[in-house]
Amino acid sequence: MRELTYREAIQEALCQEMRRDPTVFLIGEDIAYLGGPYAVTKGMCEEFTEERVRDTPISESAIIGSAIGASLNGMRPVAEISLCDFLMVCVDQVVNQAAKYRYSTGGSVNLPLVIRTSYGTRGGSGAQHSQDLYAMFLNVPGIKIVLPATPYDAKGMLLASIRDPNPVMFFAHRLLYGLKGPVPEDDYVVPLGKAQVIREGQDLSIVATGKMVHEALAAADKLASDGARAEVVDVRSLAPLDRDTICESVRKTGRALVVDEAPQTGGATAEIGMSIVEGCFDFLDAPVVRLGARDFPVPFNHALTKSNLPDREAIYQSCLQLLGREE
Amino acid sequence: MDHVNLLETMLRIRRFEEEVDRLYFAGKTPGQPHSCTGQEAPAAGVCAAMEPGDLLASNHRGEGHLIARGMDLYRLFAEVLGRRDGYSRGKGGAFHIADLSLGILGTTGIVGAGLPIAVGAALATQMRGERQVVVAFFGDGASNQGVFHEALNLAGLWKLPVLFACENNLYGFSVAQSRHQAIKDVAARAESYGFQGEVVDGNAVLDVREAASRAMARIRAGEGPFLLEMKTYRWGGHFGADPGTSYRPPGELERWKERCPIKLYKELLLQRNLMSEDALEEVDDRITAEVEEASRRAQECPEPPLSAAQEDLYLEVQS
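Chains as they are written, first to last, in the numbering used here: chain A, 1 to 327; chain B, 1001 to 1319.
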């Protein structure tokens, strides 16, 4: 199968869907000529014109608000908030308006909109441009949250998100944009709300999100040479969360390590970890362990940034400890 | 007849709000009413100028807008009472009511939040090459929200078909306009966004309707948005539990009651020989009975089933 980068896979999903469905359009800052901060929409303006690839002023509340209004009036907007940190500027429209509209009107309306954003921690950008701000929205019923980790899933889940008649937040990890992987040319969807076992194993389950999925795979390789077989579960969807797939894995292996890149306290690992306890307690051979970043804002210096983040080595060490525990 | 409809609409709003306040003080409403009593003319006048396909974004003091746009009184009362037959199944209350069949995008409990939503609905109609106008109601208080700036800037930039309809009732909750903004006319802000604003007497319903019609004709012709500021006054406090007396100077309310929009319009109808005293009384009695009946029925409406608390989060689509 031909390979695309994660970035190309996202653009292909957008282009294919915009060709198929004339009500789909993009709205956000710097998306038309710059193509977005990571060149995801570069060149799309030529085919779809400024009508459907709309640059806006620096107005996050207006971007999300107009996406809501357009979705109430027959369109399927894909709004871009270039860095997830900037979601904080428009949280009211996301949390108080979009997430509540359908439920609070007793099902009178539905909002088929997508909010596309980027996340992923690295050095050199400072605390306001380096966050992974999805867990906070987990605590807001009414909005779906997905974070694909592969090019295949990026295309399939974006297509599913656009076709979903509900608000979906699509988080793309900025350090995965260059990752290559097999991506079918034709139309396909990866259903939202489904996790995936991407590496089978018997001895423990590493349940990971985003770039940590790839760190987990690297750790699993190292564990394999130690004779331990780690199963890796790619969460893919935080809301709805696929507790069934995750718990099925942990009931099989008896041990769980949950890994997420955002600061640990109150992060996605808290919800996933507790879900594992609820669903798998009688099958656990060890307490659930979770790994996130240390609880600090992201610093500027690269080495300092890295020192607070989980990585393949930290995952590997955690797994050794998890395996070394006695019943 | 148009002039009878206008009177009926204002009376319907007035009697509805009076009844909701009565229900509230009798302890029968789950929440606080945010009455628009005294502000009937902006709702009635603007909505009378709208065409059937036009859209409306309302706010936290929106029952007047909803009634003027034709919402069913029984279902509105039922929603305010949190009952099963309410527009939102009792799950929203006055802050969360929408009905796209009437072009009502929704009320909202966050001041100003409906403005960018109205802009988005207008964007959709523009993209499809249609001639809908989207009316967005908001108050003087909302005109200081950051989202007001963002919404008007975007609408002005893209020349979107939005009528920004400001009901300036001189207060944002307890803070008088003179204490919350340096300007007197919210309409003056339109120029900063590249379009025009106009001030009109918000308690003169014919003036409102005429100004709104003119503005909508321009918007519909593709001239871009317009800001119509209607000077008016709310008789009640911000909500039911607020008598509105701790922050308003004595005599102010009485002066505005002298300018009651319904009283003024009745006087005008008499002066112009459009309706007789008897005819005016007949309309009042009829509308009062209509509202009372709707309230009575709504009070008998059952509660929603408990299962409703777990429904309507997502629209499920069979794959």
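Wrong hints could be hidden among the right ones.
As the list claims (entries may be wrong) - Stretch-level coverage of chain A by chain B, calculated; a stretch enters the list once three of its residues show a Cβ under 8 Å from a Cβ in chain B:
1. 69 to 75
2. 98 to 106
What the hints assert, rightly or not - Reference excerpt, derived from the structure (chain A facing chain B, CB under 7 Å, subset only):
3. Pro57
4. Ala62
5. Pro165
6. Asn166
No lab work stands behind these hints, which were simulated from the structure alone. The model shown is predicted, which means the values in this text are computed figures rather than measured ones. Every residue, glycine too, gets a C-beta built ideally from N, C-alpha and C.
To see whether the hints hold, each was checked on the structure:
For the region 69 to 75 of chain A, the assignment as covered by chain B holds, since 7 residues bring a beta-carbon within under 8 Å of that chain's beta-carbons and 3 suffice. Counting residues of the region 98 to 106 of chain A whose C-beta sits closer than 8 Å to any C-beta of chain B gives 7, which meets the bar of three, so the coverage hint holds. Checking proline 57 (chain A) against chain B by beta carbon gives a least distance of about 6 Å; that is within 7 Å, so the hint holds. Checking alanine 62 (chain A) against chain B by beta carbon gives a least distance of about 4 Å; that is within 7 Å, so the hint holds.
Because the beta carbon of proline 165 (chain A) sits about 4 Å from the nearest beta carbon in chain B, less than 7 Å, this interface hint is met. Contact between asparagine 166 (chain A) and chain B, as hinted, is supported at the beta carbon level, the nearest pair being about 5 Å apart and thus within 7 Å.
Every hint from the earlier list agrees with this structure, and none is contradicted.
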